[in-house]
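Student: Sequences are here, hints too, so could you generate the full structure?
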Amino acid sequence: MTQNIPAFDVAIIGSGIAGSALACALNNTDLKVVVIEGGTLPDQAPTCDSRLDAFDPRVSALTRASESFLEQLGIWPRISALRSQMFDSMYVWDGEGTGNIQFDAREIHQSHLGTLVENRVIVYSLVEELQMSPNVKFLQGVKVRGIVSQTVGGDKHPTHVIELDQDRQVKAGLVVGADGANSFVRQTMDFKTREWDYGHHGLVCTIQTEKPHQNTAWQRFMHTGPCALLPLPDGENGEHFCSIVWSASVEEANRLMALDDQEFCDTLTSATESCLGNVVGASRRFSFPLRQRHALDYVQDGIALVADAAHTIHPLAGQGINLGLQDVRVLAEELLRAHRSGHRIGDLRVLSRYQRRRKGDNLMMMTVMEGFKHLFGQQSLAVSWIRHLGMAGVGQVVPLKRQIMKQAMGVR
Numbered sequence: 001m002t003q004n005i006p007a008f009d010v011a012i013i014g015s016g017i018a019g020s021a022l023a024c025a026l027n028n029t030d031l032k033v034v035v036i037e038g039g040t041l042p043d044q045a046p047t048c049d050s051r052l053d054a055f056d057p058r059v060s061a062l063t064r065a066s067e068s069f070l071e072q073l074g075i076w077p078r079i080s081a082l083r084s085q086m087f088d089s090m091y092v093w094d095g096e097g098t099g100n101i102q103f104d105a106r107e108i109h110q111s112h113l114g115t116l117v118e119n120r121v122i123v124y125s126l127v128e129e130l131q132m133s134p135n136v137k138f139l140q141g142v143k144v145r146g147i148v149s150q151t152v153g154g155d156k157h158p159t160h161v162i163e164l165d166q167d168r169q170v171k172a173g174l175v176v177g178a179d180g181a182n183s184f185v186r187q188t189m190d191f192k193t194r195e196w197d198y199g200h201h202g203l204v205c206t207i208q209t210e211k212p213h214q215n216t217a218w219q220r221f222m223h224t225g226p227c228a229l230l231p232l233p234d235g236e237n238g239e240h241f242c243s244i245v246w247s248a249s250v251e252e253a254n255r256l257m258a259l260d261d262q263e264f265c266d267t268l269t270s271a272t273e274s275c276l277g278n279v280v281g282a283s284r285r286f287s288f289p290l291r292q293r294h295a296l297d298y299v300q301d302g303i304a305l306v307a308d309a310a311h312t313i314h315p316l317a318g319q320g321i322n323l324g325l326q327d328v329r330v331l332a333e334e335l336l337r338a339h340r341s342g343h344r345i346g347d348l349r350v351l352s353r354y355q356r357r358r359k360g361d362n363l364m365m366m367t368v369m370e371g372f373k374h375l376f377g378q379q380s381l382a383v384s385w386i387r388h389l390g391m392a393g394v395g396q397v398v399p400l401k402r403q404i405m406k407q408a409m410g411v412r
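Every letter in the sequence shown is one number past the one before it in the UniProt record's numbering, and letter 380, counting from 1, is 380.
Don't take every hint at face value.
Said to hold, decoys possible - Below, simulated DMTMM-like cross-link-like pairs (lysine to aspartate or glutamate); rule was C-alpha separation at most 20 Å, straight line:
(1) K211 <-> E195
(2) K171 <-> D30
(3) K32 <-> E252
(4) K359 <-> E333
(5) K192 <-> D301
(6) K143 <-> E163
(7) K211 <-> D266
(8) K143 <-> D167
(9) K137 <-> E163
(10) K137 <-> D30
(11) K211 <-> D88
(12) K211 <-> D234
(13) K137 <-> D167
(14) K211 <-> D190
(15) K211 <-> E239
(16) K171 <-> D9
(17) K32 <-> D361
(18) K137 <-> E273
(19) K192 <-> D297
(20) K211 <-> E273
(21) K32 <-> E129
(22) K32 <-> D9
(23) K137 <-> E239
(24) K143 <-> D165
(25) K32 <-> E128
(26) K359 <-> D297
(27) K137 <-> D94
(28) K359 <-> D190
(29) K211 <-> D261
(30) K171 <-> D88
(31) K359 <-> D301
(32) K32 <-> D301
(33) K143 <-> E107
(34) K171 <-> D347
(35) K32 <-> E163
(36) K359 <-> E195
As the list claims (entries may be wrong) - Quick list of the computed label-pair ranges, beta carbon to beta carbon:
(37) G146 <-> Q110: 44 to 52 Å
(38) G235 <-> P289: 26 to 34 Å
(39) E333 <-> N4: 32 to 40 Å
(40) T47 <-> N182: 25 to 33 Å
Source of the hints: derived by calculation from the structure; they are not laboratory data.
Where is the CB? At the ideal position from N, CA and C, for every residue including glycine.
Tutor: If you want it as structure tokens, here you go:
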């Protein structure tokens, strides 16, 4: 019997950026929302001093579309008050040839291309916004053990009972899996996926450089994998910092992880052709496997997947978090539209509208990223020449270049 089990309209599994953003989007409505998190929520503002190790190694390059959504949620002032770094230019070059291209926000009459924000700053800002919410409840430090679909009486639509540890249960008409790439919700509810391993690892850390980053994101493509230098705020004493994302084969990533700090800094200086002078310091390094995954369906009756639970892509363009936030925005729009119209928010027809609006865009971005990976992963002279011609051609065809920039930024 489920009568005495706490009941909610929406249960969000995962309190990361996507899960907390969805809760914020459903805030200040009469929908009862519970956010279930296996870990603990941030209870104090992140330390934002200017030591190398004070930066979160996980940094997101938010597009203008993502910024706009976070502004709508009312949390952008919180983010700005903590720590962020706008960038107005991006320089991309081919490490195996002579091709290069630069994108500048002024070319499309924008103030900047995007903003670099540490993930913990985003999560803290979202959670802080929700702390006083009357309709959103957090359950933290609680593991989800199972999800059981039940129908009661003559109701043909299922209610989902979420089984937690400590012999606890909650139930909801809609369960949203926002629990990351290894989503328990996706696996438990038997969503089919198409996926493959890249055979690469991503290496991330914070570095200090000899020269300023000039509010520019730098990315060098090599046959071994791309390396990006993403600008961070300067230190209190004028130090210059960047976050790096370096994709390399498993063997090469292991070698890079094993280097001492000076060897790593020297190797990175060489790999980026001293674009910011010498790399003079590096924080602790982290490495993770790169895998592309796409759920064949994002929804079932009363179940929806968002962000990394539905799709993961190569990090070379930093689009993962932006795709996830657009998932959240569209799902929230469809849920609120259905709720205002008196329709059941977990109805498959409602959720299918979310899937139709998002699946094509996500698949297109995944296809483009896969194409980039193969194009820049080739060493042959012919492919190098094609890359050179492609970069030069895009740089010279101004309308095409502007359209690419607008598409990447999520602006019209």
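Student: Confirm or reject each hint.
Tutor: Structure-based check of each hint:
This hinted pair does not check out: K211 and E195 have alpha carbons roughly 40 Å apart, beyond 20 Å. Restraint check for K171 and D30: the C-alpha separation of about 17 Å stays at or below 20 Å, so the hint holds. The suggested pairing of K32 with E252 is violated, with an alpha-carbon distance near 48 Å, which exceeds 20 Å. Pair hint K359 plus E333 holds up; C-alpha atoms about 16 Å apart against a cutoff of 20 Å.
Proposed proximity of K192 and D301 is supported: the alpha carbons are some 15 Å apart, at most 20 Å. Between the alpha carbons of K143 and E163 the distance comes to roughly 9 Å, so the proposed pair stays at or under 20 Å and holds. The straight-line distance between the Cα atoms of K211 and D266 is roughly 15 Å, inside the 20 Å bound, and the hint therefore holds. With a C-alpha separation of about 11 Å, the suggested pair K143 and D167 falls inside the 20 Å cut-off, and the hint holds.
Of the supplied pair hints, the one linking K137 and E163 holds, its CA atoms being roughly 17 Å apart against a limit of 20 Å. A hinted pair counts as satisfied when its Cα atoms are at most 20 Å apart, and K137 with D30 qualifies at roughly 13 Å. Under the criterion of a C-alpha separation no larger than 20 Å, the hint pairing K211 with D88 is consistent with the structure, at around 17 Å. Simply put, K211 and D234 have alpha-carbon atoms about 11 Å apart, close enough for the 20 Å limit, and the pair holds.
For the proposed pair K137 and D167, the alpha carbon gap of about 19 Å is at most 20 Å, so the pair holds. Only pairs whose Cα atoms come within 20 Å are accepted, and K211 paired with D190 is rejected, the gap being roughly 50 Å. Between the alpha carbons of K211 and E239 the distance comes to roughly 9 Å, so the proposed pair stays at or under 20 Å and holds. Our distance criterion of 20 Å between C-alpha atoms is met by K171 and D9, whose separation comes to about 8 Å.
The hinted pair formed by K32 and D361 fails the criterion: a straight-line CA distance of about 30 Å is larger than 20 Å. A hinted pair counts as satisfied when its Cα atoms are at most 20 Å apart, and K137 with E273 does not qualify at roughly 50 Å. Straight-line distance between C-alpha atoms of K192 and D297 comes to about 7 Å, which keeps the hinted pair within the 20 Å bound. Between the alpha carbons of K211 and E273 the distance comes to roughly 13 Å, so the proposed pair stays at or under 20 Å and holds.
The suggested pairing of K32 with E129 holds, with an alpha-carbon distance near 16 Å, which does not exceed 20 Å. Restraint check for K32 and D9: satisfied, since their Cα atoms lie roughly 5 Å apart, inside the 20 Å limit. This hinted pair does not check out: K137 and E239 have alpha carbons roughly 41 Å apart, beyond 20 Å. Taken as a hint, the K143 and D165 pair is honoured in the structure, with Cα atoms around 6 Å apart against an allowance of 20 Å.
A C-alpha spacing of about 18 Å is found between K32 and E128, which places the hinted pair at or below 20 Å, so the restraint holds. Distance hint between K359 and D297 is fulfilled; the C-alpha atoms sit about 8 Å from each other, no more than 20 Å. Restraint check: the Cα-Cα separation between K137 and D94 comes to about 49 Å, which exceeds 20 Å; the hinted pair is violated. Pair hint K359 plus D190 holds up; C-alpha atoms about 18 Å apart against a cutoff of 20 Å.
Note on K211 and D261: the hinted pairing holds, with a Cα-Cα distance of about 19 Å set against a maximum of 20 Å. Between the alpha carbons of K171 and D88 the distance comes to roughly 46 Å, so the proposed pair goes past 20 Å and is violated. Of the pairs offered as hints, the one joining K359 and D301 holds, with about 17 Å between alpha carbons and a cut-off of 20 Å not exceeded. Note on K32 and D301: the hinted pairing holds, with a Cα-Cα distance of about 19 Å set against a maximum of 20 Å.
Pair hint K143 plus E107 does not hold up; C-alpha atoms about 49 Å apart against a cutoff of 20 Å. At most 20 Å may separate the alpha-carbon atoms for a hinted pair to count; K171 and D347 meet this at roughly 16 Å. A distance of roughly 18 Å separates the Cα atoms of K32 and E163; the hinted pair therefore holds under the 20 Å criterion. At most 20 Å may separate the alpha-carbon atoms for a hinted pair to count; K359 and E195 meet this at roughly 15 Å.
Checking the proposed 44 to 52 Å range against G146 and Q110 shows it holds: the Cβ atoms sit about 47 Å from each other. Against the hinted window of 26 to 34 Å, the Cβ-Cβ separation of G235 and P289 comes to about 32 Å, which satisfies the hint. One distance hint, 32 to 40 Å for the beta-carbon pair E333 and N4, holds here, with the actual separation near 34 Å. A C-beta distance of roughly 28 Å is found between T47 and N182, which places it inside the suggested range of 25 to 33 Å.
Hint compliance for this structure: hints 1, 3, 14, 17, 18, 23, 27, 30 and 33 are broken, all remaining hints hold.
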